[in-house]
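These protein sequence lines map, in sequence, to chains H and Z. With the UniProt record's numbering applied, the first sequence closes on residue 349, and no number is skipped along the way. With the UniProt record's numbering applied, the second sequence closes on residue 349, and no number is skipped along the way.
It should be emphasised that the hints constitute simulated quantities derived from the structure, not laboratory data. One should not assume that every hint holds.
Treat identical chains as interchangeable: a pair holds within one or across any two.
[Said to hold, decoys possible] Taking lysine to any residue and the SDA-like style, the derived pairs with C-alpha atoms no more than 25 Å apart in a straight line are:
1. K45 with S103
2. K181 with Q198
3. K319 with Y11
4. K246 with Q269
5. K181 with D205
6. K181 with G138
7. K52 with I264
8. K86 with T250
9. K89 with V110
Number of protein chains: 2
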Amino acid sequence: MNTPQPSELAYVPFVSVANMMRLVHSLGVDRFLSDLAAYIEEDFKRWPEFDKTPRVASHSLEGVIELMPTADAELYGFKYVNGHPKNMKEGFQTVTAFGVLSSVSNGYPVLLTEMTLLTALRTAATSALVGRYLAPKGASVMAMIGNGAQCEFQALAFRALCGITRLRLYDIDPAATAKAKRNLEGQGFDVMACSSAQEAVEGADVITTCTADKQCATILTDNMVGRGQHINAIGGDCPGKTELHKDILTRAQIFVEYPEQTRIEGEIQQLAADHPVTELWQVMRGEVPGRTDANQLTLFDSVGFAIEDFSALRFVRDKVAGTAFSEPLDLLADPDDPRDLFGMLTRAG
Amino acid sequence: MNTPQPSELAYVPFVSVANMMRLVHSLGVDRFLSDLAAYIEEDFKRWPEFDKTPRVASHSLEGVIELMPTADAELYGFKYVNGHPKNMKEGFQTVTAFGVLSSVSNGYPVLLTEMTLLTALRTAATSALVGRYLAPKGASVMAMIGNGAQCEFQALAFRALCGITRLRLYDIDPAATAKAKRNLEGQGFDVMACSSAQEAVEGADVITTCTADKQCATILTDNMVGRGQHINAIGGDCPGKTELHKDILTRAQIFVEYPEQTRIEGEIQQLAADHPVTELWQVMRGEVPGRTDANQLTLFDSVGFAIEDFSALRFVRDKVAGTAFSEPLDLLADPDDPRDLFGMLTRAG
Chain H
1 MNTPQPSELA YVPFVSVANM MRLVHSLGVD RFLSDLAAYI EEDFKRWPEF
51 DKTPRVASHS LEGVIELMPT ADAELYGFKY VNGHPKNMKE GFQTVTAFGV
101 LSSVSNGYPV LLTEMTLLTA LRTAATSALV GRYLAPKGAS VMAMIGNGAQ
151 CEFQALAFRA LCGITRLRLY DIDPAATAKA KRNLEGQGFD VMACSSAQEA
201 VEGADVITTC TADKQCATIL TDNMVGRGQH INAIGGDCPG KTELHKDILT
251 RAQIFVEYPE QTRIEGEIQQ LAADHPVTEL WQVMRGEVPG RTDANQLTLF
301 DSVGFAIEDF SALRFVRDKV AGTAFSEPLD LLADPDDPRD LFGMLTRAG
Chain Z
1 MNTPQPSELA YVPFVSVANM MRLVHSLGVD RFLSDLAAYI EEDFKRWPEF
51 DKTPRVASHS LEGVIELMPT ADAELYGFKY VNGHPKNMKE GFQTVTAFGV
101 LSSVSNGYPV LLTEMTLLTA LRTAATSALV GRYLAPKGAS VMAMIGNGAQ
151 CEFQALAFRA LCGITRLRLY DIDPAATAKA KRNLEGQGFD VMACSSAQEA
201 VEGADVITTC TADKQCATIL TDNMVGRGQH INAIGGDCPG KTELHKDILT
251 RAQIFVEYPE QTRIEGEIQQ LAADHPVTEL WQVMRGEVPG RTDANQLTLF
301 DSVGFAIEDF SALRFVRDKV AGTAFSEPLD LLADPDDPRD LFGMLTRAG
């Protein structure tokens, strides 16, 4: 049989993992994170323009697979992402992801990209962006509890956006801490490996929790958290998966992405459904205050929202335009006469 | 910089449009449709095993973009599909689609495939499968109103599964009818081009409506439909998009895929929320009757449900295994140490 040559319309630019790594290195990780944070901030500041819905989750005993769609008037984006804490022991990653950006006006995808790396980068960029609004002034020390795949990205983003240079690491698996310490010292950080979470939080301005167990864990208890700190809670992002003791929540000022989703998935699933929270988009627009004094305990109850992925997809689309970091993928059938799909098929035979 | 070579785990088998066409021709369209219908029937018969949700739709003035997920205990599948009736005039297709099948146990995708062609094939296979349960005995004549991209696939499926050999075509655009007539005569059908919907339905055993306008249209009025016919209503599949006059609905026995979705999107959006409908999976399992007598008017209020796409994804996965009809796509990052995503990135630099 002959080999049909798809038309231009049939091709969707695809960014593979290898090309995403090339893109990151072409910009440098720090600039990638800072520029990406600017895209995220831009989209948070126009929050009401988005079509928003809590992500669609399919839970199993071993993990979750989620679809995270959102759209503005011009673009539609979604991410596929899984979360399987037991994967790591079997040589697989806890989280893998890919995503698509499409034209709202005709429904055609304009970008397909790996998002395993991109999710790590956007999660870190979001945390640090929020840190810029909420971390205490002059913050330079961050405790990091949970030293898995997300850890280094968080550290780099907090240095690029908030000036954090000293890290205090703790993980229940010392091998994870050793891995993160090695990587982060290679990036010029002053790194202390700690033997307990209690030790890690001593003197920290910011506390990042990023653990993977799918359970209601208590990574931080109330006595471990002082006044004036900012907690960046990443790992509690699923029903039945939390990291903080409830007492911390009741005395912290809680900041969230999208309350409808966070109340299901975040630390605040432990609280009453009407417990007051502050929406970050309103803080970024200057409509409500962020941190109001040096003694306040602030908490970013991060679960990850579709708009952050949308920003990341927009960012990648803009950055790969005109580069060799994408390849054309024959994803869409494109008959000469759009009604003659069958004719296209028979002519290929 | 060096070129990182992704490991086996990073690759997802991808079926391009060109490869989907090769797969169809390697089996023959008739066998593809029959075998696919068998997969769909198998999944309808185990309906209660699936995690089901109405599709997640993002509506705009010009169309809709939808995500359609479902899962059983082993596999998770979803389809991305758009519907933009105005596309055709601009040289784009009304419907394009792609889909992914994943392992529930670790969340890793096992197949990425084009689904524009596959959706046309699975929609036709589903219609004809339902026709086998509901069409009058000895049916040989089908009226087809709306002769766009889906038309030929419906005809082939109804011949392969139900023995339909004579077609009566009508479309408001005579060029569409001419296109379908040419294609279908080439496939050995006895085809009559009609000058009105009224003329097309004369003497038909089965009436297929498959029009694209996003509005409450009246493609069929009550006086056009006799006793004993089976209506296969494809085009009414969106809020505000219907094809049949309400009077037809009130005298027909109505069969649906997933009531929770059909009541939002199907012809029955015109009826009260508790209007009785019969679920097809129960008919296929023999738990409730399908057509009970020769004079009964039966209606398949088709909107397309995620389980049909899941069946199609399973089918394609099985058929491309061991063939050259897929290519490996570097979609998933795969560090040697799953926790060392950052190390993978820096070593690639």
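Exercise for the section: First find the shortest C-alpha distance between K86 and T250 inside one copy, then the shortest across copies, and answer within, between, both or neither for a cut-off of 25 Å. Expected result: Neither: 31 Å inside a chain and 53 Å across chains, both beyond 25 Å.
Problem - Within, between, both or neither, where K181 and G138 count as close if Cα-Cα is 25 Å or less - result: within (23 Å within a copy, 75 Å between copies)
Handout entry: Homo-oligomer pair classification [I264, K52; C-alpha up to 25 Å]
Key = both (15 Å within a copy, 19 Å between copies)
Practice task
Since the copies are identical, ignore which copy is meant and state whether K181 and D205 lie within 25 Å (CA to CA) inside a copy, between copies, both or neither.
Solution key: within (19 Å within a copy, 73 Å between copies)
Handout entry: Alpha-carbon proximity between K319 and Y11, which holds within one copy, between copies, both or neither at 25 Å
Key = For K319 and Y11, both the intra-copy (18 Å) and inter-copy (24 Å) Cα distances are at most 25 Å.
Practice task
Measure nothing new, just compare the shortest in-copy and cross-copy C-alpha distances for K181 and Q198 to 25 Å and report within, between, both or neither.
Solution key: within (18 Å within a copy, 76 Å between copies)
Exercise for the section: Could you place K89 and V110 in one of the four classes (within, between, both, neither) given a Cα distance threshold of 25 Å? Expected result: between (36 Å within a copy, 20 Å between copies)
Exercise for the section: Could you figure out if K45 and S103 sit no more than 25 Å apart (CA to CA) within one copy, between two copies, both or neither? Expected result: Intra 21 Å, inter 37 Å, cutoff 25 Å: intra-copy only.
Problem - Intra/inter-copy verdict for K246 and Q269 if alpha-carbon distance must be at most 25 Å - result: within (10 Å within a copy, 45 Å between copies)
When held up to the earlier numbered hints, the structure conflicts with hint 8 and nothing else.
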